[in-house]
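Asks: Sequence:
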Amino acid sequence: MARFLVKFLRDRCKACELCISVCPKQILEIETDLYNKKGYHPARVQPGKDDECIGCTSCATICPDSVISVFDTTKE
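Quick note: the sequence shown uses my numbering, first residue 4, plus one each step.
Treat the hints as calculated values from the structure; they're not laboratory data.
Hints may be right or wrong, so weigh each one.
[Claimed, not checked] In silico lysine to aspartate or glutamate, DMTMM-like type, Cα no more than 25 Å apart, as pairs:
hint : residue 1 : residue 2
1    : Lys10     : Asp53
2    : Lys40     : Asp14
3    : Lys52     : Asp14
4    : Lys41     : Asp75
5    : Lys40     : Glu20
6    : Lys17     : Asp68
7    : Lys52     : Asp75
[Claimed, not checked] Quick list of the computed label-pair ranges, beta carbon to beta carbon:
hint : residue 1 : residue 2 : range
8    : Lys78     : Glu55     : 30 to 40 Å
9    : Thr77     : Asp36     : 30 to 40 Å
10   : Gln29     : Ser72     : 12 to 22 Å
11   : Thr76     : Gly42     : 27 to 37 Å
12   : Lys40     : Thr77     : 17 to 27 Å
13   : Leu12     : Thr35     : 13 to 23 Å
14   : Pro67     : Asp36     : 22 to 32 Å
15   : Gly42     : Thr77     : 30 to 40 Å
16   : Lys40     : Leu8      : 22 to 32 Å
Ideal Cβ positions, reconstructed from N, Cα and C, are used throughout, including at glycine.
Take these sequences, add in the hints, and give me the full structure.
Replies: Right under this line is the structure:
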């Protein structure tokens with residue numbers, strides 16, 4: 004299980020790609036096969052790269068709409 008879990012509020016993501024540009028591990032991408040209610044392709048962690056997140060929270064910090072949360076799965 005990945006130590007850090009990145010969650011997106013997909014229906015609020017506007018696909019600005021700021022999170023993608025600041026991720027030091029380059030594990031985020033736009034989900035091109037899905038549209039949200041606003042008509043945007045939301046961001047996501049690339050399939051199979053969940054374990055690579057280092058929990059820096061850069062993605063959550065830069066998101067102008069606060070749609071990203073990073074959780075440490077080792078803490079209760």
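Asks: If a hint holds in the structure, say so; if it does not, say that too.
Replies: How the hints compare with the structure:
A threshold of 25 Å between alpha carbons decides the hint, and for Lys10 with Asp53 the separation of about 11 Å falls inside it, so the pair holds. With a CA separation close to 6 Å, the supplied pair Lys40 and Asp14 stays within the 25 Å bound. For the hint linking Lys52 to Asp14, the alpha-carbon distance of about 22 Å falls within 25 Å, and the restraint holds. Only pairs whose Cα atoms come within 25 Å are accepted, and Lys41 paired with Asp75 is rejected, the gap being roughly 29 Å.
Using a Cα cut-off of 25 Å, the hinted pair Lys40 and Glu20 holds, with the two alpha carbons roughly 18 Å apart. Between the alpha carbons of Lys17 and Asp68 the distance comes to roughly 8 Å, so the proposed pair stays at or under 25 Å and holds. At most 25 Å may separate the alpha-carbon atoms for a hinted pair to count; Lys52 and Asp75 meet this at roughly 16 Å. Here the CB-CB span from Lys78 to Glu55 is close to 19 Å, at odds with the stated 30 to 40 Å.
Against the hinted window of 30 to 40 Å, the Cβ-Cβ separation of Thr77 and Asp36 comes to about 32 Å, which satisfies the hint. Distance hint check: the CB atoms of Gln29 and Ser72 are about 20 Å apart, consistent with the given range 12 to 22 Å. Against the hinted window of 27 to 37 Å, the Cβ-Cβ separation of Thr76 and Gly42 comes to about 32 Å, which satisfies the hint. The hinted window of 17 to 27 Å between Lys40 and Thr77 is violated, with their beta carbons roughly 33 Å apart.
The given range of 13 to 23 Å is respected by Leu12 and Thr35, whose C-beta atoms sit roughly 19 Å from each other. In this structure, Pro67 and Asp36 meet the distance hint of 22 to 32 Å, their C-beta atoms being roughly 24 Å apart. Between Gly42 and Thr77 the beta carbons are some 37 Å apart, a value that agrees with the proposed interval 30 to 40 Å. Between Lys40 and Leu8, the C-beta spacing of about 23 Å keeps the proposed range 22 to 32 Å intact.
In summary, the structure is inconsistent with hints 4, 8 and 12 from the numbered list given earlier, while agreeing with the others.
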